[in-house]
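Student: Residue-level listing of the chains:
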Amino acid sequence: MDVNFQNVSHVYMKKTPFETLALKNINACFRSSSVTAVIGRTGSGKSTLVQHINGLLKPSAGVVTVGGHRLEARTKRKMVKTVRSHVGMVFQYPEHQLFEETVEKDLLFGPKNKGMDVAEIQKKLPELLQQVGLSETLLERSPFELSGGQMRRVAIAGVLATNPEILILDEPTAGLDPQGQKEILELFMNWQRAYQPTTIMITHQMEEAAAFAEYMYVMEDAEIKMQGEPEAIYAQREKLQEMDLDIPEQVQVLQQIERDSGIRFPHYKLSPAEAADYWEHAVQNGDVPYV
Amino acid sequence: MFENVIIGQYLPGRSFLHHMDPRAKIAAVLFLIIVIFLVNSWNGYALFGAAAIAVYFLSGVPFRYIRKGMFPVFILVILTFFLHAFFTREGDILFSVGVFSFYEEGIRQGLFISLRLLLLVYFTSLLTLTTSPIDLTDALEQMFSPLERFKFPAYDVAMMMSIAIRFIPTLLQETEKIIKAQTARGADFNKGSMRDRMQAFVSLLVPLFVRAFRRAEDLAYAMEARGYNGGEGRTKLRLLVWGWRDTLCCVLIAAFGVVLLFLRQ
Ligand SMILES: Nc1ncnc2c1ncn2[C@@H]1O[C@H](COP(=O)(O)OP(=O)(O)OP(=O)(O)O)[C@@H](O)[C@H]1O
Ligand SMILES: [Mg+2]
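Chains A and B supply the protein sequences, listed in that same order. Under the UniProt record's numbering, the first residue of the first sequence is numbered 1, with each subsequent residue one higher. Under the UniProt record's numbering, the first residue of the second sequence is numbered 1, with each subsequent residue one higher.
Pairwise CB distance ranges, derived in the manner of DEER restraints:
hint, chain 1, residue 1, chain 2, residue 2, range
1, B, 189, A, 278, 48 to 56 angstroms
2, B, 221, A, 58, 37 to 45 angstroms
3, B, 30, A, 82, 52 to 60 angstroms
4, A, 271, B, 167, 41 to 49 angstroms
5, A, 63, B, 76, 38 to 46 angstroms
6, A, 58, B, 113, 37 to 45 angstroms
7, A, 82, B, 167, 33 to 41 angstroms
8, B, 258, A, 20, 45 to 53 angstroms
9, B, 218, A, 271, 34 to 42 angstroms
10, B, 212, A, 20, 23 to 31 angstroms
11, B, 191, A, 70, 19 to 27 angstroms
12, A, 82, B, 168, 34 to 42 angstroms
13, B, 237, A, 69, 47 to 55 angstroms
14, A, 20, B, 53, 26 to 34 angstroms
Here are the computed lysine to any residue pairs in the SDA-like style, where the Cα-Cα straight-line distance is at most 25 angstroms:
hint, chain 1, residue 1, chain 2, residue 2
15, A, 182, A, 148
16, A, 225, A, 62
17, A, 105, B, 212
18, A, 105, B, 195
19, B, 68, B, 57
20, A, 81, B, 174
21, B, 191, A, 70
Keep in mind the hints are simulated off the structure, nothing from the lab. Using N, Cα and C, we set each Cβ at its ideal position, and we do this for glycine too.
Same shape as in the complex, but just chain A:
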């Protein structure tokens, strides 16, 4: 499903002294089955942006189009619900949304609400748990006796259980150690490859965006300040630094090698070993002088 923003603005607490313009005339497009990252410093409007996609927020002005459905300021609730049933959203600290007596019941909460075939999904739950890195023996346990990391995985599984066509990740790795962050990201990458949902990922860490996204939006002060493929974004280092965003170390290293030797890497997602291989090939072919 495609998602399109046309001149979307959003104002919080309209007509009070606390009025905040959180989105200013946003135009953006998220292609079907693609992975897009939205980055920007805290308070720049990222969460506000994505909450328009499943109608948690309505635009103050402009239109959001989700797979042919138009969401506007005066869109009816029923329509919003239809759109919502195609969208899965993982929030920051998703483990706070667990509430059922058993993991199994919690996983079925979403599918039940969205009117899906619960019996069918129930059969697939062991597989789903495995996909998020948990053992199926947890199904009968209470979500509140699990460890923090397990709780987060259960919550994520609860969103994935509906197999959404659009998957929104609002900093799902917040508060995890680097190893945990990597594992959760990999989990989403594998899911994306297998089921191909349109994925929109918010982060304020460039590393995460770099590893995953095909396209990037950079937000600042309620506006989209930069957009493009990660490579194009990384090339504009100064502009990024103005927004307190750092290019991932790995990309910095590859860029430095490019500058020093004149080699051009195909993309910056190369692991160090892959980069070394590429380098060796290039030297053997005589494309770059040996330094």
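Following the hints, position chain B with the ligands against chain A.
Tutor: Leaving out everything else, chain B with the ligands in the frame of chain A:
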């Protein structure tokens, strides 16, 4: 979702009223509440009305906030008015509608009681609109501290109040967040069968309580770890300062009370 909830109804500002000592404001409001029950003449209410308008200009609060705050009471006011108008049978008959006759005294009583209610709510809402909740609790603590001699735990009550007030915005935020998360999972809090809606509310309340208890525990540990042991000998970071405005206000209000006494019939 809670965009229109203004917490504690406090509106930050820099008006005359905002700069006043909360103790003076509380005392003034208490005094006004008492004297308003002494007023029994049109002149008295006219004077009270004039005072209300003057205070409005001193408060710098936009009118629509006051209107919004007063709206719920309006229904009560209208109800009381009609109760009095219907059931008081004194004085001359003013006019009749069908079997109902409206007596002069009934209308008068109805109007007086309604005005009393309105003014009461008006002054108390101005108090909360111009005083931050923390200032209010500080002031209440000081005003109640003489009662500590009679074993009234003024300090602890004030501490509890300020903790509760401190966590209202946090709880509201949390509520909004969980509502959003469950809504994204397809829960519907407004429509649907009774069963579905119950389920939706459970999905909100359970996480909310779990988090609230956890937070209370964390806070208790944090306070203990920093050596908190009650109010004994504790000094304050924020001192209440009594200024010229406050003295002026007290003098004016006392004079106001005296004039009202003379206007009594
Ligand atoms: N419910 C709300 N009510 C009022 N203002 C809000 C609300 N939510 C967000 N805002 C304001 O809107 C702006 C954008 O907030 P948003 O949550 O979209 O930022 P963000 O980019 O997601 O930040 P973070 O990285 O911290 O999650 C901020 O200035 C914030 O204060
Ligand atoms: Mg956010």
